[in-house]
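The lines below spell out each chain.
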Amino acid sequence: MDATGRIPRSGMRAAALGVAAACALAWTGTTLAQQTKIKIGLMLPYTGTYAALGTAITNGFKLAIQENGGKLGGREIEYFTVDDESDPAKAPDNANKLIKRDQVDVLVGTVHSGVALAMSKVARDNNTLLIIPNAGADEITGPLCAANVFRSSFSNSQFGIAMGKVMADQTKKTAVTLTWKYAAGDESVGGFKEAFEAGGGKVVKELSLPFPQVEFQPYLTEIAALKPDVVYAFFAGGGAVKFVKDYAAAGLTKTIPLVGPGFLTDGTLDAQGESAQGLLTTLHYGDGLNLPKNNAFRAAYAKTFSTPPDVYAVQGYDAAQLLIAGVNAVKGDLSKRADVVKAMETAKIESPRGAFALSKSHNPIHDIYLRKVDGKENKVIAVAIKNLNDPPRGCKL
Amino acid sequence: MDVYTFLIQLLNGVQYGLLLFLVASGLTLIFGIMGIINLAHGSFYMIGAYMAFTLSSLTGSLWIAIVAGTLLAVLLGVILEWALFSHLYKRDHLQQVLLTYGLILVFEELRSLIVGNDVHGVPVPALFDWSIPLTATLSYPVYRLVMSAICVALAALLYVFIHRTRPGMMIRAGASNREMVASLGLNINLVYRLVFALGVALAAFAGMIAAPVSSVYPGMGTQVLIICFVVVVIGGIGSIRGALVAALLIGLADTFGKVFIPELSGITVYLLMAVVLLWRPEGLFRGAA
Chain A
302 MDATGRIPRS
312 GMRAAALGVA
322 AACALAWTGT
332 TLAQQTKIKI
342 GLMLPYTGTY
352 AALGTAITNG
362 FKLAIQENGG
372 KLGGREIEYF
382 TVDDESDPAK
392 APDNANKLIK
402 RDQVDVLVGT
412 VHSGVALAMS
422 KVARDNNTLL
432 IIPNAGADEI
442 TGPLCAANVF
452 RSSFSNSQFG
462 IAMGKVMADQ
472 TKKTAVTLTW
482 KYAAGDESVG
492 GFKEAFEAGG
502 GKVVKELSLP
512 FPQVEFQPYL
522 TEIAALKPDV
532 VYAFFAGGGA
542 VKFVKDYAAA
552 GLTKTIPLVG
562 PGFLTDGTLD
572 AQGESAQGLL
582 TTLHYGDGLN
592 LPKNNAFRAA
602 YAKTFSTPPD
612 VYAVQGYDAA
622 QLLIAGVNAV
632 KGDLSKRADV
642 VKAMETAKIE
652 SPRGAFALSK
662 SHNPIHDIYL
672 RKVDGKENKV
682 IAVAIKNLND
692 PPRGCKL
Chain B
164 MDVYTFLIQL
174 LNGVQYGLLL
184 FLVASGLTLI
194 FGIMGIINLA
204 HGSFYMIGAY
214 MAFTLSSLTG
224 SLWIAIVAGT
234 LLAVLLGVIL
244 EWALFSHLYK
254 RDHLQQVLLT
264 YGLILVFEEL
274 RSLIVGNDVH
284 GVPVPALFDW
294 SIPLTATLSY
304 PVYRLVMSAI
314 CVALAALLYV
324 FIHRTRPGMM
334 IRAGASNREM
344 VASLGLNINL
354 VYRLVFALGV
364 ALAAFAGMIA
374 APVSSVYPGM
384 GTQVLIICFV
394 VVVIGGIGSI
404 RGALVAALLI
414 GLADTFGKVF
424 IPELSGITVY
434 LLMAVVLLWR
444 PEGLFRGAA
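So the protein sequences, as listed, match chains A and B.
Sequential numbering from 302 applies to the first sequence in the numbering used here.
Sequential numbering from 164 applies to the second sequence in the numbering used here.
Isolated chain A, as found in the complex (with noise of 0.2 Å):
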């Protein structure tokens, strides 16, 4: 502050260098502060689409450090935040910042998968520890994973795999698929059809549609043409909302079932309204879940934030649960990186969903839940799977 006393007198080249101090007192400040406090990088989608996601995961953080006094393993914490845009071209640039500039210990993000994957590339470049609260792209826990990437949320392909597994038990012989054509819904896809045709069944045609194309009428007329046991589709947000409406009017509803990913009907029913009643989709949370963690964190999350939470909070609480788990293992001595990769493989988290621990490739295994729509809520009315780990795909860890 003494240098902004005299820049008044000394004209602007002196401010400029009034400036120029003061940020160089801002810096030696924060370099000072890094030897006791641990930096988190939140690296998440605040604006655009899925910016209610970014927000919810930024809040379900937050709740579980603040459970945890505020602190990890004993020291205090400085949060950087950079909004991703959901844009994958930006993510080296944002990932960077963070790690270069701000220089980081733990990266947290992000909710987009190809944004994820050039996250998980830049975190495997400069060794930083990694934690993602969402994207469930199969490979970055797959060929692409590494001892600093971990997940707190799913892959692709687990609801996809349940619910064939589900279909087949049911006895349903015969199933169509309908996806956007891109690498979530081709994971999902592919998990269904692996499950379903496991359990005796035969997926007779795999439809898509480019992303994010929303004329269905054609794929319906076809499907009832084929007239199949079941059609699993999987679609989000928008064109989620269009389909089940769609598939419902074109009257598919009463003889054909549809099921799908959680992402069918979850955040969408406002909008779906009548014609997704009755759906049945799979995910790993779901409303009605009786659990004394979940009703514990429920509670506390809509005190804190005023807001029911959603399954993005849950992520977001469960990734900073297995930071504290990393963290605290080592009383906050980040150097000893190894006994914290340690302590977050062999943990087991408390999750609002139900405990859960990290297969070999660092993500969850946990139950996968059969969920029935009912009125507006997903309620959750038998465990699909219990445990689901992925299938190896090639990770070497």
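These are computed hints drawn from the structure, not numbers from a lab.
Heads up, the beta-carbon is just placed ideally off N, CA and C, and yes, glycines get one too.
What you were told as hints is all true, and nothing was included just to trick you.
Cross-link-like lysine to aspartate or glutamate pairs, in silico, EDC-like; alpha carbons within 16 Å at most:
(1) K594/A x D611/A
(2) K506/A x E426/B
(3) K528/A x E507/A
(4) K363/A x E377/A
(5) K677/A x D281/B
(6) K473/A x E498/A
(7) K363/A x D611/A
(8) K482/A x E426/B
(9) K528/A x D165/B
(10) K338/A x D634/A
(11) K680/A x D611/A
(12) K372/A x D634/A
From the structure, some residues in chain B lie toward chain A, with a derived Cβ separation under 8 Å:
(13) V282
(14) P381
(15) T418
(16) P425
Derived list of chain A stretches under chain B, where covered just means 3 residues or more per stretch with a C-beta under 8 Å from a C-beta of chain B:
(17) 349-355
(18) 504-510
(19) 515-522
(20) 525-536
(21) 545-553
(22) 571-581
Dock chain B against the given chain A, drawing on the hints supplied.
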């Protein structure tokens, strides 16, 4: 595929094409007659859909929402033309692209501030909320047929308006020679203002009648924008008749592309465009208005 399924797919294609025509007709008017490249056209479609959502939940009737929304869209068109676009007629296309791209960002952000980022459904009016059974498993929603009928009626009205009425004649004259029309004592600025308002209203109207089947969601405008430009380019810039034919062609190409060559379904429309442009570089009905 049996004949019956084929016919249903034909219906799907025609129905999709007619809706495309409705959105694209406004673009071809503004592009062809005023020479403005309007990237914000998709935003007007989006604004229409969101108006249908907001006004119909306020008033409880989609029809009231459509009437009120169309009037608001005309007003928006007049204001935008007066405040922004009227300064662009003598500038080059790059500046038009810059302005209209900026408008896309502004409208998306306003939409986010006012209505939020959630997906919303718009209920189908009760009168048409039923389906006609076509096969044992498939029914056709009546509202989709109503939409097609509205599109056909509007196409006919537009054609008559442009080709058989005095204001239509002024518009056609203004398109071919702005100075000449002005020197004949016609208020060309007013004509342009009305054409622009009409273009905006057509896009918003399309958004409104499509809202019950498409739902409203962030980014919906940019989705229709590209396909609209394809319609305009295939049909011939500025031609209403061309836009109708092109939209139907695209609807059919897209539908049957999805059925017969699913691997290429993303590009059938663009293949069609390439073929048409090789055959007729100016589009099917260049300059006929």
